[in-house]
Amino acid sequence: MNFFRSWSGINLFLCLLLSIPLFTIFISIVPPKIEIWSYLFETRLIELLINTFYLTIGVGVGSFLLGTSLAWIVVMYEFPLKKVFDWALILPMAVPAYVIGFVILTAFEYGGIVPGALEYLFGIEGFYPDIRSGLGVIIVMSLVLYPYVYLLARSAFRDQNQSYLDAARSLGVTQKMLFIRVALPLARPSIVAGVSLALMESLADFGTVAIFSFDTFTTAIYEVWFGMYERSAATQLASMLLMFNFIFFWLEYRTRGKAVYYQSSGASRKQKSFRVSLPKKIILFSYPAIILCCSFVFPVAVLIYWALDVWDMQVQSRFFEYAFNSLLLGLLSGLIIIPIALILAYGKRLNPGIISFLTTRISTLGYAIPGSVIAVGVLIPLSWIDYRINDITSYLWDYSPGLILTGSIAAILFAYTVRFMTVGFNSVDSSLLKITTSMDMAAQSLGLSRLGIMKKIHFKLIRSGLLTGFILVFVDVMKEMPATLLMRPFGFDTLATWIWQLTSEAMAKQAALPALIIVAVGLFPVIILIGLDKKTSFGED
Amino acid sequence: MNQQDVIIGLENIDKKFQNTPALRGLDLSIHRNEMVALLGPSGCGKTTTLRIIGGFERPDSGLVSIRGKCVFDKKRFIPPEKRKIGMVFQDIALFPHLSLSENIAFGLKGSKSDKNQRVGEMLELIGLVNQGKKLPHMISGGQQQRVAIARALAPKTEILLLDEPFSSLDFQLRRQLRQDIKKILTQLDVTVILVTHDQYEAFSFAERIVMMHDGQVMQDGSPLECYQNPKNTWVASFVGTANFIPAKIYEERIVTPIGILMNKQRETSGDYQIMIRPEDISILPANKGEEQGIVENSMFLGNREIFFVKLGSGQSIRVQVQTRGNIRLQDPVRLHFEHYKLFKKA
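As they're listed, the protein sequences go chains A and V. Position 130 of the first sequence, counted from 1, bears residue number 130 in the working numbering, the numbering being contiguous throughout. So the number in the working numbering is just where the residue sits in the second sequence, counting from 1, plus 541.
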């Protein structure tokens, strides 16, 4: 019995361990380092702030427009292949923004596919739009991040009671005005939450902005850290980025709670689609088709084409080594994160209350913290420990082992654990929440011990949740770029960092194969998501 | 009532949903300031009828007119927002992001002060003065439904459609709210159509009942008429409880297992079913050998008792009487009745 009581102690310990990076960044802000800030201010802070502002507004507007309009069309109108678009529009989630970024960039460049095709097909020459710009970044990110808004807006529209729309019409609102006057205001909390998620992703992004040479905090942290070895400046930049990200994190959290009131209660009439004429149907079909082409079909097709084009060179290169590294990191992270997530979730279940709520909440903040920030937050304490170790060994034995922890696989795994604990925890916790306490009581009354309940009931019921969590962690680790770039040991590469290397050396075609692998792996969680989605949305049919 | 008074007219309406007929040649006229209930089991077409009047469904064929103007025929379809008909929904459907005042003002046009004045009037009408700033989730279900009615009536609506407006509320609240709303609506010059599957709701709310079954009108009349003088066995059994006992008419006599009656209405000879309401039967203890049936089950409901009496033929009859406490299970009894209704067997 004592064992179960001491569980909250374990949770507290894990929580402290996992909040080290966040804590490091926090204490680095106080007291404010005036000379570093003034140095940053003189050099690049203004540009970074302007760029971040531009990016936030642009991606915010872009993902809002795309996500909301697509969701409305798919929910409310009848048009060809509507049921396919319904789930296919989620697919861009499988593609990391940096992959679409380098595909589009390369495809539009001099001698690229798009200008070539335009010249060949229509005789248009010299079509080279200035893609490598802020606008280019915004378009690319909006194309990849709109599914966050789409998913939440779509379920908001779908759950909206038909009676709301009918009531509005009986009060004199025309069919065209329903979206503005009723549907949009009602879906607002969900849409704000979706846009916040998209913005958190765009702020945390490193690869896309790096490829487009569009400086934001993530690229600045990288440059300051590696190019100038200015650790404290990098830390200050990280703290600023963290602050921006927490704004959207808070916004998302707050509006999510609010969305509950906006759902209909009680029995509701099924949503009726609008009937439209054939020309309108064609327009309604073309719009999602074009978006899906730009954000998924075209990039993937180009990647396949390139991968086949340079196949022989790929095989000779170090593809398998890097793929193995990615695989290894993914598997190890899953093996670390899922058990810890299970301990946290179980502790919360055994001892519900404010302490377990806070410990789990803090332990799972990682998703709100950009990878570059976590990397800095992990590297600083680790290098401190490394120096102390060297101090001690050189004092005792006159020997310096060098940096043991910094630049080790263990350090990267720790950073991943902090960053992706949320993903693992959420899937474990949600599957654990489905087991009601009366099930526990029923089992206890039938003579099962607590350990027996765990083995015979809980474990059996959460197995699929554990597996889902594992897959999600694995995929996120495969895609992860900024933390890995900052922390990898010398000469160690993963598929993601390799893509970055190749693209920064203008060898985009060679990057196609690793990118395809990441996209293919990334499809798994999206397929899981689509499966869940179908279960909930078509369950009533 | 003359033809001038007809405010809503449905003529020969057909409507199918995926080849299942919902309405079959429905004819219905509603007069100005009438309070009508469309009553029937789920799937009878009552809600479809209401939604056709509101403009939320298009009939497959037929003619719909409102205030003497055609709103639907082969060539025409006036959308709901142009029909000036208020509607209140089962799930209440107050806009959750708007305050009570904003909800009531949603359909209003004109200047801000005009709107405010009208909202104030409506809040007073429904007894929620000074609560206009609240959001819908902050008030009770009954209050929400009153606001929904205020919202529907606010644009000076003459026609109000109520689609099972009380069924999302619990029993006690439902009865109270029904009385409140009836009181509010009878003060106003408004034509009300209530859709419900609950006969008590229909009886206590409306002055005219339109009974529907399988997309057709079964009976159209006052609540009392429908109860006491049902047109067919379906109406008889849907409204209240009914015992159906086989009967035979020979010239001047009606022969039933529980007695022989005079054929006063001069029905033709043949096989009939006789319908008797449980409360129209009285029950008397009988000596062994003289009984018409045996009490096989009973329910005690405080001031009333219900007995199930098994007749010699094997049929079970439901009897409802004032509680006296002189009859027990397995007692031999005789039955006596006066009110009844005859239906000729097809």
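There could be a bad hint or two in this list.
If we take Cβ atoms under 7 Å as the criterion, some of the chain V residues that face chain A in the derived model are [to be verified]:
1. Phe558
2. Phe597
3. Asp601
4. Cys611
5. His638
Here are some chain V residues pointing at chain A (derived, C-beta under 7 Å) [said to hold, decoys possible]:
6. Gly603
7. Phe618
8. Ile619
9. Glu622
10. Asp632
11. Gly651
Calculated directly from the structure, the hints in this document are not laboratory data. Small disclaimer: the values here were computed from a predicted structure and weren't measured. Every residue, glycine too, gets a C-beta built ideally from N, C-alpha and C.
Going through the hints against the structure:
1. Phe558: Since the shortest Cβ distance to chain A is 11 Å, the answer is violated.
2. Phe597: Phe597(V) check passes; min Cβ-Cβ to chain A is 5 Å, inside 7 Å.
3. Asp601: violated, 15 Å
4. Cys611: violated, 19 Å
5. His638: Hint on His638(V): holds, closest Cβ of chain A at ~5 Å, below 7 Å.
6. Gly603: Violated: closest Cβ of chain A sits about 20 Å from Gly603(V), beyond 7 Å.
7. Phe618: Since chain A brings no Cβ nearer than about 12 Å to Phe618(V), farther than 7 Å, the hint is violated.
8. Ile619: With Cβ-Cβ at 12 Å, over 7 Å, it is violated.
9. Glu622: holds, 5 Å
10. Asp632: Hint on Asp632(V): holds, closest Cβ of chain A at ~5 Å, below 7 Å.
11. Gly651: violated, 12 Å
Consistency with the previously given hints fails for numbers 1, 3, 4, 6, 7, 8, 11, ordered from lowest to highest.
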